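Line by line, the protein sequences are chains A and B.
Numbers given in the numbering used here equal positions in the first sequence, counted from 1, plus 96.
Numbers given in the numbering used here equal positions in the second sequence, counted from 1, plus 406.
Quick caveat, the hints were computed from the structure, so don't treat them as lab data.
Just so we're clear, the structure is a prediction, and the values are computed from it rather than from any experiment.
For each residue, glycine too, the CB sits at the ideal point set by N, CA and C.
Please note: incorrect hints may appear among the correct ones.
Stated by the list, open to error - Some but not every residue of chain A turned toward chain B, in silico, with C-beta under 10 Å: (1) Ser142; (2) His176; (3) Phe186; (4) Met203; (5) Phe207.
As the list claims (entries may be wrong) - Covered stretches of chain A, going by a simulated chain B footprint (3 or more residues, C-beta under 8 Å): (6) 161–175; (7) 187–201.
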Amino acid sequence: MIVEMKDIEMIYETWSEKTKVLDIPQFDIDIGEQIAIFGPSGSGKSTLLHIMSGLLLPTQGSVKVCGEFVHKLSEAQRDHFRSRNIGYIFQTFNLLQGYTAMENVLMGMTFSPGKADRAAAKKLLEQVGLGGKMKRRPYHLSFGEQQRVSVARAIANKPKLILADEPTGSLDPHNSVEIIKLLKEICKEHGCSLVIVSHNMDMISFFEHTVDFKKLNRTLQVQEALK
Amino acid sequence: MSFWRIIFNSIRQHIGSSILAVVSIGLGVALLIAVFSLREQTHKTFTEIGTGVDAVLGPKGSSLQILLNAVYHLEEMPGKIKWSYMKEVEKNPIIIEAIPFCTGHSYAGYRVNAIDRRFLTDFEYLPGHKFSFDEKENGKGRPFNAAKEAVAGWEVAKKLHLKLGQTFNPVCGTKSGDPVHMNDYIVFVGILAPTGTPHDRAIYFPLTTFYGLEGHGTATAKMAEDEKYREISGAYLKIKRIRNGAMHPGIQDLKFSINQSTDAQLVVPGEVLPRLFSIIGWVDYVFIAVSIMVLVLAGMFLFVALLSALRQRRRDMAIMRCLGATRRTVFGLVLSEALIICLIGGVLGLIFGHILVGIGAEQMKSETGIHFSGLYISTIDYLLLPSLVAIGIFTGLIPAIQAYRMGVLKNLLPVS
Numbered sequence: 097m098i099v100e101m102k103d104i105e106m107i108y109e110t111w112s113e114k115t116k117v118l119d120i121p122q123f124d125i126d127i128g129e130q131i132a133i134f135g136p137s138g139s140g141k142s143t144l145l146h147i148m149s150g151l152l153l154p155t156q157g158s159v160k161v162c163g164e165f166v167h168k169l170s171e172a173q174r175d176h177f178r179s180r181n182i183g184y185i186f187q188t189f190n191l192l193q194g195y196t197a198m199e200n201v202l203m204g205m206t207f208s209p210g211k212a213d214r215a216a217a218k219k220l221l222e223q224v225g226l227g228g229k230m231k232r233r234p235y236h237l238s239f240g241e242q243q244r245v246s247v248a249r250a251i252a253n254k255p256k257l258i259l260a261d262e263p264t265g266s267l268d269p270h271n272s273v274e275i276i277k278l279l280k281e282i283c284k285e286h287g288c289s290l291v292i293v294s295h296n297m298d299m300i301s302f303f304e305h306t307v308d309f310k311k312l313n314r315t316l317q318v319q320e321a322l323k
Numbered sequence: 407m408s409f410w411r412i413i414f415n416s417i418r419q420h421i422g423s424s425i426l427a428v429v430s431i432g433l434g435v436a437l438l439i440a441v442f443s444l445r446e447q448t449h450k451t452f453t454e455i456g457t458g459v460d461a462v463l464g465p466k467g468s469s470l471q472i473l474l475n476a477v478y479h480l481e482e483m484p485g486k487i488k489w490s491y492m493k494e495v496e497k498n499p500i501i502i503e504a505i506p507f508c509t510g511h512s513y514a515g516y517r518v519n520a521i522d523r524r525f526l527t528d529f530e531y532l533p534g535h536k537f538s539f540d541e542k543e544n545g546k547g548r549p550f551n552a553a554k555e556a557v558a559g560w561e562v563a564k565k566l567h568l569k570l571g572q573t574f575n576p577v578c579g580t581k582s583g584d585p586v587h588m589n590d591y592i593v594f595v596g597i598l599a600p601t602g603t604p605h606d607r608a609i610y611f612p613l614t615t616f617y618g619l620e621g622h623g624t625a626t627a628k629m630a631e632d633e634k635y636r637e638i639s640g641a642y643l644k645i646k647r648i649r650n651g652a653m654h655p656g657i658q659d660l661k662f663s664i665n666q667s668t669d670a671q672l673v674v675p676g677e678v679l680p681r682l683f684s685i686i687g688w689v690d691y692v693f694i695a696v697s698i699m700v701l702v703l704a705g706m707f708l709f710v711a712l713l714s715a716l717r718q719r720r721r722d723m724a725i726m727r728c729l730g731a732t733r734r735t736v737f738g739l740v741l742s743e744a745l746i747i748c749l750i751g752g753v754l755g756l757i758f759g760h761i762l763v764g765i766g767a768e769q770m771k772s773e774t775g776i777h778f779s780g781l782y783i784s785t786i787d788y789l790l791l792p793s794l795v796a797i798g799i800f801t802g803l804i805p806a807i808q809a810y811r812m813g814v815l816k817n818l819l820p821v822s
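Assemble the whole structure, with the sequences as input and the hints as a guide.
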């Protein structure tokens, strides 16, 4: 298994109230698997990805990703874990605006144990169809092209798992399809697992293995029952 | 992508404020370098030149004025002393030699001093250094042998393009508008090799010439003929040395007895120079204070620039953290950025400061005859690196801590 999550609870606390957003008894993903999680906005899908990547710690439960118990790692260890094992793709791309497409991809390698390899970065950009736009900064690229740079950056550190949080949320239907196809293809080629979360059912249809977040997250089931 | 590449990219992203910070730090450093270099070189040079003269026998008046006039060719001599008194002092067993001189004349803005010929042959302008006319050392000609002959210092000869055989009419006084001895033509027979002392800026001719100049009146002319009437501005005294090169302790008795008299006073440069430095010292402190204030302001500017840059780059930092950068890494990035800006500013300031001294050195040399060097390494040069590191840490620490404490997810929003 690439991901093994057990008895996950995530509770957000403010001074006046506690809000439980996640209650997942069990969630596993096989090595090399490509999985799409769908569900409404604000249902906690991103939080789930944050927990998998070590950006967030669950209030309770066990998270084993790429063979490491993420919830037991210190913050610095989780940063290193992420640099070695995880590629992250965001809805809003989150590219560094002051850097070229090439530098953004190199940045993906910078914090991982291996050396930042310009030739590898060039190859990745060519693979995502941006061979001629390596020196352009994000604001000189279309949204579709920016997301392609994010895909290249996510794969740059040779991760075992790619987490894509609404990767087509800012794209038109044509570019959305292109990005999903590219992601699936590139993950297959590099042998890494893919987890994508989306509320766009058109995109979900590209995946054989899909998960309804409402069924996965017991908090949502309780909320639905209360309604 | 290397750590340094990220830092330089970050500096590039706020290049305007970075350049301003570099310039202001550079300016502060340049000012400090220039002030310290000139201060130390002035003290060193004044002290060194002072050591060439053991003591000056001069008239009653300000001892500092006597020293400045006799050794540095500045100011005016406050009066005269009797030749006979000088001869009396010369008999003291601790005196090796007394070289009498008369000041008060000039030519083209340079002092013209009447002096005993032994000054050119025996006198040591610095310990172990006598005047030279050797062409290999950029000198020319010979010492004066006759009344109407003169020798020019190297700086005078260079500035006035003097040649051997050329004549001049001395001015009776040192200010512009003072009368010229129109009928007295003095011929240059020698040019002294450069010494790096104020002697490079003076012209010397024999004492007999001085007394015989037309217009000095019969009383002065009489001084040339009869020693009984003769007066001089002062005399350089060479004192016997004891072990370790120290001056003979008898100098204290001699000084006491001379200073008790109404005829003259004995000025020992080593005792008077500290007074000179204390008088000009406050100027140093003002310049040092101004330079430090410029540096402090530059540091504050850098601090504000870094904070504002960090505010604009919170998202960048969060993305880096998401890609695996640790809190320590982003802390190091911000702190290193501050250090690099400080070091670039410091290095530019260091170069500019030395260039400033180099440019000023020419001007100061022509004004005072004292040789300054732009390449002189002062105390501040050694303190520069640790000081800049301290400024860099001081200004970068708070922004770096802010970067360290920054939440990743909060600054990555919106994510979906």
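Query raised in the report: In ascending order, which of the hints set out earlier in this document are inconsistent with the structure?
Result: none
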